[in-house]
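Peer 1: Same order as they appear, the protein sequences are chains A and B. Here numbering that gives the first Met the number 0 is used: the first residue of the first sequence is 0, the next is one more, and so on. Here numbering that gives the first Met the number 0 is used: the first residue of the second sequence is 0, the next is one more, and so on.
The hints are simulated quantities; they were obtained by calculation from the structure and are not laboratory data. Watch out, some of these pointers could steer you wrong.
Said to hold, decoys possible - Ranges of calculated distance between the beta carbons of each label pair, as one might list FRET restraints: (1) B:A139 / A:D200: 50 to 60 Å; (2) A:G285 / B:N51: 45 to 55 Å; (3) A:C75 / B:T177: 26 to 36 Å; (4) B:E193 / A:G174: 38 to 48 Å.
The model shown is predicted, which means the values in this text are computed figures rather than measured ones. The beta carbon of each residue, even a glycine, is placed where N, CA and C say it ideally should be.
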Amino acid sequence: MRLILIGDYAFMTSWVGHKGASSRMPCLWCTALRQRTQGNGLLVDTWGNMQDGSLARGVTRTRGHFERMAEAYADCDNSKRAAPLPLDENFSIESRPLLIMDPTHISPMPLHLTLGITGALLRLGIEAVYLHHGATRASAYATNLSLALRFAVGVTPKPYFGGAFEGRQCQLIAGRMSAVVELLASYVPAADVAAYRVACDTWRQLLPVLTRAGDSSPEDAAAFRAGTARFVDGLRAAFPWFTVTPKLHTLCCHAPDFLDFFGSLGRYSEQGLEAWHGHFNQTAAGHPADSFLATCVSYVERSAVSRAPRDAAHNRGAKRSPAKAGPGARDAKLPEDERTRTGKILAGAPRASATCVLKQGEDR
Amino acid sequence: MGRAPPDAAAALRVLERTYGSLNAPLLDRVDALVSRHLAATRPEVVTATFANGVKRTYRREIETRQDAVGPRQARRRRTQAKKAVSKIMLFDAGLASAVLHDVCRRARSSGGVAIAPTAAIHSLPIRLQTQFAVDNNIHAATFQRFRLFLGPQSGLASPLALREDLGKAAAEERNRATSNGEGGYQVSPRAALEAAIWDLRSRKQWVERTVRGPDGREVTASRPFEGQASASVLHSSAVRDVHVCFGLDKGGLVSSCKAVLSCANQVNPTSRGNSLLYGIFPCQKMTARRSPEWRTSTCRTWMPCGRAGWMSAAHAGPCASS
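Bound conformation, chain B alone:
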């Protein structure tokens, strides 16, 4: 060993020939030399062949020294994370990219900054996670992959918890939807609209809207809008305005009509995320859709005042009772 040639490969060949005759101190020295060699070269893969002919391959993996879990659990977690990441990156790369892009775009449009949490987020309510997953169209399996990747201590809810919370959320009055055989629609658009208005107020996103008189001056209103108890109560000029837009339009790849409600008392009322989808009505053929009779029947189907009574009497037409 004292006159070992400088070439590492030749030294290893000499070592293979003489390995069986080495005593214990020399074997320790060989181990130390091999360890130094591995530390210096840092090979990605080390292959060892045992006496029984079994060939085992070792791959270099970097793991954090602050891992609190046991070695078996850590190994299992690494395997799961590896599978999850490979699936996300290989098969769902477009999905992951689209989701992240959409989240960043929303953050930018709302004036905020997209921040990725670096610590455990136990304080994040599950309802917000449900909202995030649904709003960004993240499938439960994808959500679970992110959860496995980040670890259970990240605070992300399990699929079971998400599913349960989604069921609870869908059962709330403002979220309930049903069908009458002609289209799917919300059971209580009034509750949905009220919830949207109070949410704007609680987030301090509410913007007072006024109208202008003939002289160009804004019509002053001193009393805030405190809700409208009855549809028969007319709008008072002393009460500040709540501008509710209602629209119906046809379109889509699978042709359908969408009825939409939105509140103009916010900065970006025309954004999709700031409007309420009241219902969807599958369309007929294009030729039928061009007829005024079909449009009238569609409008009558979506007459919101007849179902919910949220509209003030100043606007409710005579068909409300039909």
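Next comes chain A alone, as it looks inside the complex:
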């Protein structure tokens, strides 16, 4: 049995004791640092730089390191130790891991990658306009972008926290990014538009592989690896201010590895996890209780009952099944078997039992 950890980034980092996306080594799968600063040059040279895109060269985390950190933090977290472990020893694992996971078994959160990168791509256009024309035109572009998404792309506004688009809307946006590119073309130079168009096309090709629940072929996996590298490196080269976020780093450096190993990304998506929130919103009112906790217990119990029952529920009593007797077994349904009513009559048996005949005589 293989356990695969899914969920949003904050909770996945908590499981393994990682400090989170704001730490100095924010990646859950490798040791790449966020970016080169004046004081971390040696560390970046040794452990990798996230801003190098597909060439980040981070050292892959190992299960052994998680075990060592669990031993080191058996009594207290790193911050409470008398001699805290330095960064090049703890790799931003600063509390006791709750699960000793092989990093290859941590899902690269396909849904959150879809949500985050689609939003980042749209935001990049606004940043480009801001860089070339200032805040006023960037604001105008943002307004026009929202109108284009609403009426040209067909995205309906959702009152989601943070304004994120749901996965299906992201698919819609990716499929019709040409409308966004056309809008951007009236604001920024042609070179930027060309780079943006290439990035959008690449993202449109990546998205089906990222969300596909079925198996991807090795050829698809190889194309995905090349595409993600082209996507991130292209954005980094065309837009100098563009920062490789932990999600983009996960997309280009670790999602291809996961796809190679398990053969699918969408199968290990957190879509089902998120769907429980919506179902709970809809049906929690149907579980009245004295407290919210009691409502939760009732909901958990009902959700368990709603799953498929055991085979016993379908069992309507013992049945003769000649097929289960094995090959060559005789099915006793021929007339000479005298097992059916017709067979018995043909064999000369009385049409009714003696008791029945007697009763019929009394009735007359």
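Assemble chain B onto chain A, guided by the hints.
Peer 2: Just chain B now, with coordinates in the frame of chain A:
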């Protein structure tokens, strides 16, 4: 009567004036004429005023000729059905529509076709009815309305039978839930997961999953997965894979964390209906939820290996004993 005017209203006025003087053969003839008139015009409502001044209204109703029950029971059933249908259509139209839409959507997503039974379904086990009602969030009163509408011979269970069966189902080990004061969770996620796996196998929905080696080839495994007796037994490369996903996420209108288990050895493992809700944990305020300490404590609360031991030793962390 032989020179009756062609206008029906005028004829009726003449009939009202002369009705008291008619003899028996003429009255029979009037009855026959009125019956023919009613059969031809088929009015929805016929109002009759009796000699004592009582006015009675008759409404046309169509009923099946194969009704096996007696007239009083049939009349009572019609009244109940009328009330039930009016309530469903007038007050619960959205609910009925949502339920039917959801059922059809599930049927489509599972590759099947939504079929409404046209005959008695006595063979439908009550447990499946319980599952249907709970899974589609159908209230017992609504279920009863459908039952009254279709008739008792439809095979739909009564509310009492449904309630009893729901109690039995909730008492099964794989369905039991409890609370520790911090959240509601399943008592035995291992039993729930095993039941889900065996159900996939019995429905022939089980899909073998493999992993690929560094060369891109699938790692072959010859022996099927026959269960895992002990958490200390490591996964053998010769045994086929069972991919279990475990996740924790926060959200919802009333903020809460949901811990979910799912088995990836099926066609649509990310569907809500194909995953197991392990537990719900009411969240604190947003400011508190952003702190790593809160997330860590939440994860520790939901440490499944510490409670159930279903996880293999290859994954169970040192906190399992905490």
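Peer 1: Is 26 to 36 Å right for how far apart the beta carbons of C75 (chain A) and T177 (chain B) are?
Peer 2: With Cβ atoms ~31 Å apart, the hint holds.
Peer 1: Can you tell me whether the CB distance of A139 (chain B) to D200 (chain A) sits inside 50 to 60 Å?
Peer 2: holds (54 Å)
Peer 1: Within 38 to 48 Å or not, the Cβ separation of E193 (chain B) and G174 (chain A)?
Peer 2: About 41 Å separates the Cβ atoms of E193 (chain B) and G174 (chain A), which means 38 to 48 Å holds.
Peer 1: Range hint 45 to 55 Å: satisfied by the CB atoms of G285 (chain A) and N51 (chain B)?
Peer 2: holds (53 Å)
Comparing the model with each numbered hint stated earlier shows that all of them hold.
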